[in-house]
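Enquirer: Produce the complete structure using the sequences and hints provided.
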Amino acid sequence: MKSSEKIIEKLILTSAIVAAVSVALITIFIFQSGLPVLSEYGLLNFIFGETWKPTNGVYGILPLIVGTLSVTLGALIIGIPTGISCAIFLTEILPPKAAKLFQSAIELLAGIPSVAYGFFGLVVLVPAIRNFIVPLAQRINPDINPTGFSVLAGAIILAIMILPTIVSMSQNAIVSVPVEFREASLALGASKRETISKVILPAAKSGIFSSIILGMGRAIGETMAVLLITGNMPKMPGNPLDSAATLTGTIAMEMSYAGPTHQQALFAIGIILFVIIMLLNIIAQLMMKRLGGASQ
Amino acid sequence: MKLRNELKLTMKKVIAVGLVAALSIGSLAACSAVPGGKADFNGNVVIAGSTSVQPLSEVLAAGFEEDHMAMTVDIQGGGSGQGIKAIAAGIADIGALSRNLKENEKSQVEKEYIIAMDGIAIVVNPDSAVANLTVEQIKRIYTGEIKNWSEVGGADAVITVVTREEGSGTRGAFIEITGVLTKDESGNEIDQTTIDALVQPSTGAVKSTVANTPNTIGYISLGALDDTVKGLDVEGVKASVENVLSNAYVISRPFIYVTGAEVSEAAQAYIDYVLSDVGQLTVKENGFIPVN
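Sequences listed follow chains P and S, in order.
Read the first sequence against my numbering and you will find it ends at 296, with the numbers running on by one and no gaps.
Read the second sequence against my numbering and you will find it ends at 292, with the numbers running on by one and no gaps.
Do not rely on the hints blindly, as some may be mistaken.
Restricting the straight-line Cα-Cα distance to at most 20 Å, the calculated cross-link-like pairs of lysine to aspartate or glutamate (EDC-like) are [said to hold, decoys possible]:
(1) P/K53 with S/E189
(2) S/K284 with S/D226
(3) P/K192 with P/E180
(4) P/K53 with S/E151
(5) P/K53 with S/D226
(6) P/K2 with S/E265
(7) P/K100 with S/E185
(8) S/K139 with S/E151
(9) S/K139 with S/E65
(10) P/K53 with S/E242
(11) S/K147 with P/D143
(12) P/K53 with S/D184
What the hints contain is simulated information worked out from the structure, not anything from laboratory work.
Expert: Right, here's the structure in full:
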């Protein structure tokens, strides 16, 4: 009995070590491959350079960083309100049986491969933006990018992709708010709307917030879907209908044919991406702590 | 999309290797059947030169090594000029070029073999009124000097330029032949492609973008041209395999192997393999135009 427990304990320990070592190895590998270019080219030149032209030996990734951040921000602007209201609707308003149906439909969204999202975006979304939104925008600004390959297209697709994460995690947070809170609020004469907005949401705040962080992480790291629909133009986007290139898309697109220095530069993009995601996570966790503290 | 292409590529590789394997078994049997047939020999072949030819050489070499177990083929880059220098210095057995020989290079070369042709079709959206462009016009569209279709005989609409990703071989060939690639004073190559170009990661993606987006122009490997897009005439010549082979269609280039005065048995065997039906089939499967 005891010896079998020991074996299991060792097995679990090994799994933990394998996981930790893998992370360490990947990190070391990325940094080792990318650092030479960063030190040779200069970190500031690399991050704040406005031109990405590897053939000419010019490696400036600011347009890619701005592209990634604007697509992600757009996805959050669309995805957060939709996701949270959807979670509220499913838990508080819809009868449980109907909610289950909706819920499995939303969870199904998480199972669709990202290439399929990208293809949907390419065939449906990009032409839709080109045919319906561009003509409207052209009345205000005739020089606007007419192709539909845009930050907006990327943001909409990413918003759909992060929806399952935001909805299911927010739902868990809302469900775990004690029933007494609701009963007390209603007993004091608050309406259902007031109960939701003033009692339930504040109480579920930290869970909802972590759902947003996870969603954001997915949006920044997403490659395939965005690659197909944002146009991959390494140029600073000036409005939501401009094309843009992302950090991940550029790595995926150019790695296969890249020469030695170009390849190192792509790994250096990986380092920057790594740092951006770490920073965002730290900021988000700090904010979450502050939010959690204020609610008590 | 990319994933699918990769899958396709590996599928193609598997098929190619399978084919080569089957054929090599066949040829081995033929060898042993003919009395006095050449026995397999040991040897190492070194190829140096054009990086554009390199991927094709690698596939061909893999097939050749499969065929002749005892031989290895070493493929190095360096550029077309380097290919000539390498055979002159005796460092390589075969020099690879992705352009015609220059006059001053001819004295250093004993024999040249055109192994394949590489052609690039210029494509526009099927609704476009434009049917013909000159190389100069194409260059100026891609460098962003010409911005409206009306400047080249089309409707009054802004041109949307579609290009391939940095490092792509098709992009490399296109910018080199059309002159979008220039050199600065110190001899560094400068790619002048406009920043306002949509970038698509594969021939298929360029094709579907051009097919579905009005007022677009793009370029694809000639082998991928079909009815979904409109192929343009260049300098009045239709983009076709015949016109590439007759050198009438200008956005094309030959892939050439050159050898010096002394050619090892192994190098000759490799060149014979490349020019054989199996080798030329590999050429075709990789999207280039076979010459035999």
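Enquirer: Provide an ascending list of the numbers of those earlier hints which the structure does not satisfy.
Expert: Hints 4, 5, 6, 7, 9, 10 not satisfied by this model.
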